[in-house]
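If you're matching positions, the sequence shown starts at 1 in the numbering used here and goes up one per residue.
Hints were generated in silico from the structure; no laboratory data involved. In this text, a Cβ means the ideal position worked out from N, Cα and C, and glycines have one as well. Hints may contain errors.
Estimated spans, in silico, between C-beta atoms of each pair [stated by the list, open to error]: (1) Glu15 - Arg49: 34 to 42 Å; (2) Cys37 - Gln79: 32 to 40 Å; (3) Pro51 - Glu71: 31 to 39 Å; (4) Glu53 - Lys4: 36 to 44 Å.
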Amino acid sequence: MQSKFQQVLQPLITELQARSQLPATWRQELKLALFCCPFLTMNIGDSLRFPPEITLLGLALAVEMGSTSLEDQSSLLDQFLYCLRM
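Could you build the full structure based on these sequences and the hints that come with them?
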């Protein structure tokens, strides 16, 4: 995950900012996209493809990606997003 942030996301954010195409709400938009992606790419509720345990794990991870951390307990995703150089 750290490699993806450093090698992909950081350069993308830097380039978008340099082109004045980075919206002020980019962090929130990225988190919402990360929440939606599992539901748009595959049917995690397909019981023939995924056992219930994997379905729940996928749902839990999607919710974590889209959620905002509490002030005293930042998720790994929030730590990365708020440490990106701007």
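Structure-inconsistent hints, enumerated in ascending order: 2, 4
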